[in-house]
Amino acid sequence: MSDVKTPSKLEKVLASGHQAVTSECGPPRGSDAGEIRNKAEMIRDHVDAVNITDNQTSVTRLCSLASCIHLKSMGIEPVLQMVVRDRNRIALQSDILGAASFDICNILCLSGDHQAFGDNAQGQNVFDIDSMQLIQTVRRMRDEGRFLGGDEIHRPPRMFVGAAANPFADPFEIRVPRLAKKVAAGAEFIQTQCIYNLEKFEQWMAQARDRGLHEKVAILAGVTPLKSAGMAKYMKNRVPGMDVPDEVVKRMSGVAKEKQAQEGIDICVETIQRLKEVEGVRGFHVMAIEWEQKVPEIVERSGLHPRPELD
Amino acid sequence: MIVAKPKPVEEVIESVSGFDRILLVGCNECVTVCEAGGRKEVGVLASALRMHFMNQGRNVQIDEVTLERQCDREYLEEIRNRIDQYGAVLSLACGVGVQFMAETYFQTPVLPGVDTCFMGVTEERGLWSERCQGCGQCVLARTGGICPVSRCAKRLFNGPCGGSTRGKCELSKDLECAWQLIIDRLTELGRLDDYEELAPIKDWSTERAGGPRRVEREDVRQ
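Protein sequences, first through last, are from chains A and L.
In this text, residue positions in the first sequence follow the numbering used here: the first is 1, and each later residue adds one.
In this text, residue positions in the second sequence follow the numbering used here: the first is 1001, and each later residue adds one.
One or more hints might be untrue.
[Said to hold, decoys possible] Straight-line distance between alpha carbons at most 30 Å, and here's what the computed DSSO-like set of lysine-lysine pairs gives:
id	chain 1	residue 1	chain 2	residue 2
1	A	K236	L	K1173
2	A	K250	A	K276
3	L	K1173	A	K233
[What the hints assert, rightly or not] Computed footprint of chain L on chain A, listed as stretches where at least three residues anywhere in the stretch have a Cβ under 8 Å from a Cβ of chain L:
id	stretch
4	122-136
5	170-177
Source of the hints: derived by calculation from the structure; they are not laboratory data.
Note that CB positions come from ideal geometry on N, CA and C, so glycine has one too.
So here's chain A without its partners, still in its complex pose (with noise of 0.2 Å):
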């Protein structure tokens, strides 16, 4: 097995050469730890890790880190994902290390929804660092073991160190060069924007190839079952930076409503079989919105499971 930084197992995972297989769920809007559990027990046989949501669409939930905590005692790894819009650098260090001391030791670094999404719009946002700075943040916690404010850090965290890519938002001339931003701040793994679009996610896979990024950092394509035709408008009119073809709503649309929820699931298994192929693509982020149940059937239909088992 090639050099591991940390004792992830995603990066084990990743280094010995097999496709991971990431998934993600969110906490609850209540104190119940079971919510996340049992959301966390659907998947744990199916995935080589979980991420747990930082507050998504910035509606106010159980938070990240607590969940991540829940999932470890479960002997389930989980991503810590962490936005920059609530936090300053003095409380995104602070939890970089209470993950650590619980020994979490992948992180997602995010820059978060802005606030007028969701449930708090008065509230005020703090963006002091950017995602890509909170990229470097960890990396220098981990590497040099050393805080932003230069001292010395007592057992440094040690993360597997992740950022998000969003291969369909504009300006498309610049997506390939903030991935390369992204790899050259220091982020090992990607996981992308759900992808309907296989084409231009394509062609942004033959640009990040062309300047080397596929082999500096390990690009995990993320897909979202769809539910319903509905479900396919929406994320095509109303989520910003989502690109839905027509081609995949008229799909939807075109079976009986009874049975869209399984013509979702089989474009999603179909995205991911066709995505094996493609030079790069080193695994899936299965993002199965409140429908973790199903993810399962997607990542066995797939021909993803079982997943590898390493010491």
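The hints should help you fit chain L onto chain A, whose structure is shown.
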């Protein structure tokens, strides 16, 4: 300039309703340009207030004056000899002027007549937009002359977030994505490669984060 907008007249009425003699003070600078607190707006608001109190059967004296500026002591001094005649001053200057007026006339209640919004430009008559947040350390040389602090909703320093769509910000179709503008401008200037330079983590101590700020210059002080 500092852009302000008039407060709703109901709010102004409520704030001045306890006084019988009110001096309405306009400012001839920014708030005149953005048509919120100049001589004209002072006249309009004074008429509205007079009419309101007359309809109520109240005899309230409302006088008008517009000063050259309310952020300079010398102009504020122009009303010193008459300030004692009034129960309150209603200032249509920005928040800076209102405060300097209150500091200057410590015993007189000074009330704001406008909401101060931002530092910005007149895009066209009736449309103003933000350009600067006074962070105290200008980054425009790096960003094609377009400010990511004031114009990006997340003040990102390293490029657009995933929500940038067709040149617009995820917040609103009426809001341009600052990073689209920056990329367009860098492209125009033949400097798109600059985009890939990682921006250093910003020192916010020169911004609001560092506490109330002062600029002290020995070369100018007398």
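Status of the hints after comparison with the structure:
no. : hint                : verdict
1   : A/K236 with L/K1173 : holds, 15 Å
2   : A/K250 with A/K276  : holds, 24 Å
3   : L/K1173 with A/K233 : holds, 18 Å
4   : 122-136             : holds (count 9)
5   : 170-177             : holds (count 5)
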